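Residue numbers (the numbering used here), protein chains in the order written: chain A, 1289 to 1533; chain B, 1289 to 1533.
By construction, these hints were calculated from the structure, which means they are not laboratory data.
Model, not experiment: these values are computed from the prediction.
Built from N, CA and C at the ideal position, the CB exists for glycine as well.
Watch out, some of these pointers could steer you wrong.
Examples of chain A residues lying across from chain B (beta carbon under 7 Å, computed) [as the list claims (entries may be wrong)]:
#1 H1315
#2 T1319
#3 P1363
#4 E1471
Here is how the chains run, residue by residue.
Protein chains: 2
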Amino acid sequence: MRIVHSACALLIGNELLNGKVRDENLHALATTLRGLGIPLTRALVLRDDPGELARELQHQMAQHDLIVTSGGVGPTHDDVTLSAVAEAFGVKCSVSTEMIQHLQRIYANRLTDGHLRMANIPEGAQLVVSPDVAWPTIVKGNVWMFPGVPELFRAKLASLRQHLRGPSEFHTRSVFTQLDEGELTALLDQLVSLHPEVEVGSYPKWFDPSYKTKITLDGLSEPAVETALQRLLDGLPPGEPQRVE
Amino acid sequence: MRIVHSACALLIGNELLNGKVRDENLHALATTLRGLGIPLTRALVLRDDPGELARELQHQMAQHDLIVTSGGVGPTHDDVTLSAVAEAFGVKCSVSTEMIQHLQRIYANRLTDGHLRMANIPEGAQLVVSPDVAWPTIVKGNVWMFPGVPELFRAKLASLRQHLRGPSEFHTRSVFTQLDEGELTALLDQLVSLHPEVEVGSYPKWFDPSYKTKITLDGLSEPAVETALQRLLDGLPPGEPQRVE
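Just chain A, same shape as in the assembly (with noise of 0.2 Å):
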């Protein structure tokens, strides 16, 4: 198991930009990290340009110790993911005969040399598999490459948990109230002031009657939160909050 202190995602495919395709992985791995303690720090939407891909990796590689792409591990020609990686770590793509045993697992009599093309993967890269899904993920180094199908990156979420965690859990606490965020600047100030291991989280909702803002406290130190909630429900008017999860 190895402790992953800052992730960044990088999304990838010009779909996601001319809004042919509305992204449905970045949520799924954004709880599933939070679910892990891994803090996702940033995450990136970048079109299908090897180069541009390859300089974003070796920046955000400087400044991550995890970073996933979805997207671009495919074998047509816009799928740019691997030898993108290859070129940030400096490597060549090379032919992979384990891989080439997956697709003639997967494909079986169905297999063609176009499938085959997705035995090209980043020099040194490690093949990940896990119990329920066929398809093996793609690591070089601490790049993990998953596919950009949501219902195939979902699944391959199951190779993160099983091989990594974050220092540790997040403790969360919930706070819905009918105040709007400019009737609540003043408790919002005092709690980040007094509670500084404690992250306030403020959203403002317009169109939902049951409340206008939820207020979120996450910290490490599960007593902390259940303190500076304590200190939030006192500062509340009478009649609220509208619920606490």
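Starting from the structure of chain A, add chain B where the hints point.
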């Protein structure tokens, strides 16, 4: 009407990275910009960290002639977009009497000091008003600052449509086939090399009985796109495609 050649989106908020909120704004923005012929070439999802935001803003402002931000324009401690934009431009935030007038009109006798914090905007910023939205959009240089609340974000896209255009319109055709990507690589490679002015996209669908791959052809020249479409259709086997859009 200003002509924009390259846009970048900054989606701002810890909640997008820790899984508390699923982003809805990138797709709405991507679709709108596409309709205007404006290429959206990159998007970033970033934390509520003013220093990090200011650095990224400066970096992206040097490479794009339109930046759209989503989130962080409310009145609470975690709303840091306006101050980060000011820092990126090397100016301060100061109270805008024009913005105070808008807030007075919107909140009337419910107006608090908390709400008035939202009148503290980057020096030299303009307030762009569109007929159907009560709230003005704050614009500093090429940076348009939108609220993160999806209903408000979408409503404000009207102001982009009023003021900005891309260099020209995109033409798009889509072909749906039961062939998988591995069976299409040779034909797609041929299309890409013979029609350099057309962008060829290939999108596998894994759990849809009606097709396995969607092929898209995009370009600025309608005849070029139609010629590439004809070559693609001629190259498909009998019984294909399933449909053309």
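Here's how the hints hold up against the structure:
1. Nearest Cβ of chain B to the Cβ of H1315(A): about 4 Å, under the 7 Å cut. The hint holds.
2. Using the Cβ-Cβ criterion of 7 Å, the hint placing T1319(A) at the interface with chain B is satisfied: the shortest such distance is roughly 4 Å.
3. The restraint placing P1363(A) at the interface with chain B holds, with a minimum CB-CB distance near 5 Å, inside the 7 Å limit.
4. Checking E1471(A) against chain B by beta carbon gives a least distance of about 6 Å; that is within 7 Å, so the hint holds.
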